[in-house]
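So the sequences go chain by chain: A and B.
Following the working numbering from start to finish, the first sequence increments by one per residue and tops out at 308.
Following the working numbering from start to finish, the second sequence increments by one per residue and tops out at 248.
Calculated directly from the structure, the hints in this document are not laboratory data.
Treat each hint with caution, since some may be false.
Stated by the list, open to error - The following label-pair restraints were derived from C-beta to C-beta distances: (1) T126(B) / D160(A): 46 to 54 Å; (2) S230(A) / E216(B): 30 to 38 Å; (3) C228(B) / D258(A): 51 to 59 Å; (4) I276(A) / E211(B): 28 to 36 Å; (5) S43(A) / Q160(B): 24 to 32 Å; (6) P206(A) / Q160(B): 36 to 44 Å.
As the list claims (entries may be wrong) - Taking lysine to any residue pairs in the SDA-like style, the calculated list, with each CA pair at most 20 Å apart, reads: (7) K208(B) / E101(A); (8) K207(B) / R165(B); (9) K208(B) / M245(B); (10) K207(B) / N117(A); (11) K73(A) / L144(B).
All values derive from a computational prediction rather than experimental measurement.
Ideal Cβ placement from N, Cα and C applies to all residues, glycine included.
One-letter residues, chain by chain:
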Amino acid sequence: MTELRYLAPTSLDEAIGAFAKAGSAARILAGGTDLLVQMRSGVLKPGVIVDIKKIPEMTAIEHTADGGFRIGAAVSGMALSEHGNFGKVWPGVLEAVNLIGSKQVQGRASAGGNLCNGSPAGDSVPAMVAAGAIVTVQGPDGRREMKVEDVPAGPGRTNLKPGEILVSFALPPRPSGSSDAYLRMIPRTEMDIAVVGVGVSLTIKDGTVTSARVGLGAVAPTVLLVEDAAKALIGSKLDDAALAKAAAACSAACRPIDDKRGTIAYRTKVAGVLLKRTAAIAAQRAQGK
Amino acid sequence: MAKVHVTTSINGEPMEFLCEPSDTMLDALRGPLALTGSKEGCASGDCGACSITLDDRLICSCLMLAVEAQDHEIRTIEGMAHGEKLHPLQRKFLEMAALQCGICTSGMLMASDALLKKNPEPSEEEVRFWLAGNLCRCTGYDKIVRAVMETAAEMRAQ
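Next comes chain A alone, as it looks inside the complex (with noise of 0.2 Å):
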């Protein structure tokens, strides 16, 4: 770790115009929560590190004017946790950003650090996704936004183009009648990476869905959004044919590993089961029971 540089751009535009200049040696930090354990390890040796947190954007929550959220890149779950109405919107993504790491690590670590460190089983891309999440992203070039499941690009690898720096994630207003879930299958209670992650995200009016999203984290190179569940849960009633149909078309859409944390043909079951579970408590929460 010699010859680091440390920048804390206080402006986008300063931060972008660094980031660029330095080219493959630099790194974006947010809250570090992955950068440091890279450095510390051995993998990454940057020679600069783009502090994102002096600019204001990165660590703003802000109501859109249609109605939904912006939430800068760099935001730490804990504020996410401590902002008064985030988590009665969009509780599921809240509950996927607070099983990120210990209390600890959630002080720090960010949704956005979440996305581009570019795990399979990062616990908040499949809350996003089934969220519908857009991302803005900043670079030499300019502004675009992206839709969240495009982002990852496979393992530790994004679809950003060099010099481009995440800045936020905008989360659609809500109709009434809606809400979302997530929930991840883990050999412990706490502290764990995701064996299976599903999130889902509901608009039920009287008793029949008519909108949903699924992500579905950890059974794939990607997370992935999974329209064929979606669409076995739009016009049901949550009934058990619908919910069996998107269940299958979860198991479908795995494509796992087999690793020490669960072997392809357990993470393709799960992905069903977890699939149903978590549909049952969005609906529930969506009609306010």
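We have chain A; now place chain B onto it with these hints.
Just chain B now, with coordinates in the frame of chain A:
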């Protein structure tokens, strides 16, 4: 490489130190600042022995760069007691033997203090979940959890 000059606040006192850009806050605390109450267990954010607060938020000092302390407020275990008067958590940990070797203790105390500031009446389950990021290899946790619960009850009664 030139060291970086950092101006910060530690336990309510203005403080300055010099560090390498790659030093962690824990390196700075245990090195130039000579505040060795925060311990290094794992150096990867798993064990919580280095727990401090940054602007009143509980964090692992091994996962923060020392240069990030510039213009922020740090609190460490050294700021917990008022002179000779121990914080109720410290006193209760001693009374109830909620420690053995002591390596995890300052982190346990910092984390427990952060919990009780947020939630003065935690359930046992809430205490156990909150302290999930603080590892203890001696006590089996039970005495620690009981000491936190008893302290919370005592502080509520005052």
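Status of each hint after checking the structure:
1. T126(B) / D160(A): 46 to 54 Å: 49 Å, holds
2. S230(A) / E216(B): 30 to 38 Å: Roughly 34 Å apart at Cβ, these two residues keep to the hinted range, so it holds.
3. C228(B) / D258(A): 51 to 59 Å: Check passed, 52 Å falls within 51 to 59 Å.
4. I276(A) / E211(B): 28 to 36 Å: 44 Å, violated
5. S43(A) / Q160(B): 24 to 32 Å: 27 Å, holds
6. P206(A) / Q160(B): 36 to 44 Å: 41 Å, holds
7. K208(B) / E101(A): Roughly 10 Å separates the two Cα atoms, so the pair holds.
8. K207(B) / R165(B): Judged against 20 Å, a Cα distance of about 14 Å means the pair holds.
9. K208(B) / M245(B): Given pair K208(B), M245(B) holds - Cα atoms ~13 Å apart, limit 20 Å.
10. K207(B) / N117(A): 19 Å, holds
11. K73(A) / L144(B): 15 Å, holds
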